[in-house]
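S.K.: Numbering follows the UniProt record's numbering, with no gaps: position 163 of the sequence shown is 163.
Read the hints as simulated data drawn from the structure, not as lab findings.
This structure is a prediction, so every number in the text was calculated from the model and none was measured.
Where a beta carbon is used, it is the ideal one built from N, C-alpha and C, also for glycine.
Among the hints, a few may not be true.
Label pairs and their computed distance ranges (CB to CB) [to be verified]:
| hint | residue 1 | residue 2 | range |
| --- | --- | --- | --- |
| 1 | Thr244 | Arg86 | 38 to 46 Å |
| 2 | Arg83 | Ala148 | 34 to 42 Å |
| 3 | Asp31 | Thr128 | 47 to 55 Å |
| 4 | Thr244 | Gly76 | 27 to 35 Å |
| 5 | Arg24 | Arg83 | 38 to 46 Å |
No farther apart than 30 Å at their CA atoms in a straight line, the calculated lysine-lysine pairs in the DSS-like style are these [to be verified]:
| hint | residue 1 | residue 2 |
| --- | --- | --- |
| 6 | Lys142 | Lys40 |
| 7 | Lys142 | Lys202 |
| 8 | Lys233 | Lys201 |
| 9 | Lys233 | Lys256 |
| 10 | Lys202 | Lys77 |
| 11 | Lys142 | Lys110 |
| 12 | Lys40 | Lys201 |
| 13 | Lys256 | Lys201 |
| 14 | Lys201 | Lys77 |
| 15 | Lys40 | Lys77 |
| 16 | Lys202 | Lys40 |
| 17 | Lys142 | Lys201 |
| 18 | Lys233 | Lys77 |
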Amino acid sequence: MSPNLLDVENVNKIFTRGGLISRRVNHAVNDVSFSLAADKPEVFTIIGESGSGKTTLAGMILNSAAPTSGRILFRGKDLRDVRSRRDRLDFMSHVQAVFQNPFDAFNPLKRVDRYLFSAAQNFTECRTTDEVEERVDDSLRKVGLSLAEVRGRYPHEMSGGQLQRVAVARALVPNPSLIVADEPVSMIDASLRMTVINLFKKLRDELGVSIIYITHDLATAYYISDRLIIMQKGRVVEGGDARTVLAAPQHPYSIKLREAVLSVDGAWRDDPLTDAMPAVAS
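Take the sequences, apply the hints, and build the full model.
M.R.: Printed below as a string of structure tokens:
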């Protein structure tokens, strides 16, 4: 059995459209491999522009889609074998997701605390009301909130930053070992990005949770990541230690992405995340 938390082995995802005559093939993910160690929590970042395949890859890691070929193993178990309801619930108790837009993640007509209570009831051994509420409050406190602040509130009564922290708290309710965060700060005001980014660092450092951070944003990737891969049209074109890769990218596509960040003026000039990034090595 693999000693790793996660193994992505030569994974491919192919979509086909049209009929026999006008059939089109899209190789969305092309031979991607990487591993996360079980004994070393980290932020592993997948960088790419729209259409790079990063979100398709995230969906396969979350077991919401199956690879066309290759394998994804979680703690040595092939996700293709996670089929029964019990197995799926067990997997979801260990692997949770945080998505891009917090306002899309919550039904505007449903109180946000319902999502937290549901997570505790479905993914933990909590059974009594007191146990469920204690678990929910503990998860909220890890992200700087409390059940008293959240109870009874609807999504529109909270800011984007607060709601994204609630989304992270919901993911923490089962005490997962892995969180897949797909563009989790792209819909949040710049002033609130650091709050969520620092929260992910806290989860890694204090709670031992590994994070797969999916983004097109090189500045936040440089600030938060331990390792990364850069994807272009479904393929990994570069990878390794995050600061080494982003400080001195080698692949032409990686260099292009890095130069695009540096070419932006006002949006980046006073951003502490961008200020931390060194100039591209010549």
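S.K.: Indicate, hint by hint, whether the structure satisfies it.
M.R.: Checked hints:
For the pair Thr244 and Arg86, the supplied restraint of 38 to 46 Å holds, since their beta-carbon distance comes to about 43 Å. Look at Arg83 against Ala148: about 40 Å separates their beta carbons, and that is inside 34 to 42 Å. Checking the proposed 47 to 55 Å range against Asp31 and Thr128 shows it holds: the Cβ atoms sit about 49 Å from each other. A beta carbon spacing of about 30 Å between Thr244 and Gly76 agrees with the range 27 to 35 Å that was offered as a hint.
Checked against the given bound of 38 to 46 Å, the beta carbons of Arg24 and Arg83, roughly 30 Å apart, lie outside it. For the hint linking Lys142 to Lys40, the alpha-carbon distance of about 21 Å falls within 30 Å, and the restraint holds. A hinted pair counts as satisfied when its Cα atoms are at most 30 Å apart, and Lys142 with Lys202 qualifies at roughly 9 Å. With a CA separation close to 29 Å, the supplied pair Lys233 and Lys201 stays within the 30 Å bound.
Taking the CA atoms of Lys233 and Lys256, the gap is about 15 Å. The hint holds against a cut of 30 Å. Our distance criterion of 30 Å between C-alpha atoms is met by Lys202 and Lys77, whose separation comes to about 28 Å. Straight-line distance between C-alpha atoms of Lys142 and Lys110 comes to about 23 Å, which keeps the hinted pair within the 30 Å bound. Of the pairs offered as hints, the one joining Lys40 and Lys201 holds, with about 13 Å between alpha carbons and a cut-off of 30 Å not exceeded.
In summary, the hint linking Lys256 to Lys201 is supported, as the alpha carbons are separated by about 27 Å, within the 30 Å threshold. For a cut-off of 30 Å, the pair hint linking Lys201 to Lys77 stands: about 27 Å separates their Cα positions. A hinted pair counts as satisfied when its Cα atoms are at most 30 Å apart, and Lys40 with Lys77 qualifies at roughly 19 Å. Of the supplied pair hints, the one linking Lys202 and Lys40 holds, its CA atoms being roughly 14 Å apart against a limit of 30 Å.
Restraint check for Lys142 and Lys201: the C-alpha separation of about 12 Å stays at or below 30 Å, so the hint holds. Distance check on the hinted pair: Lys233 and Lys77 sit about 28 Å apart at the alpha-carbon level, within 30 Å; holds.
Checked against the numbered hints above, the structure breaks only hint 5 and satisfies the rest.
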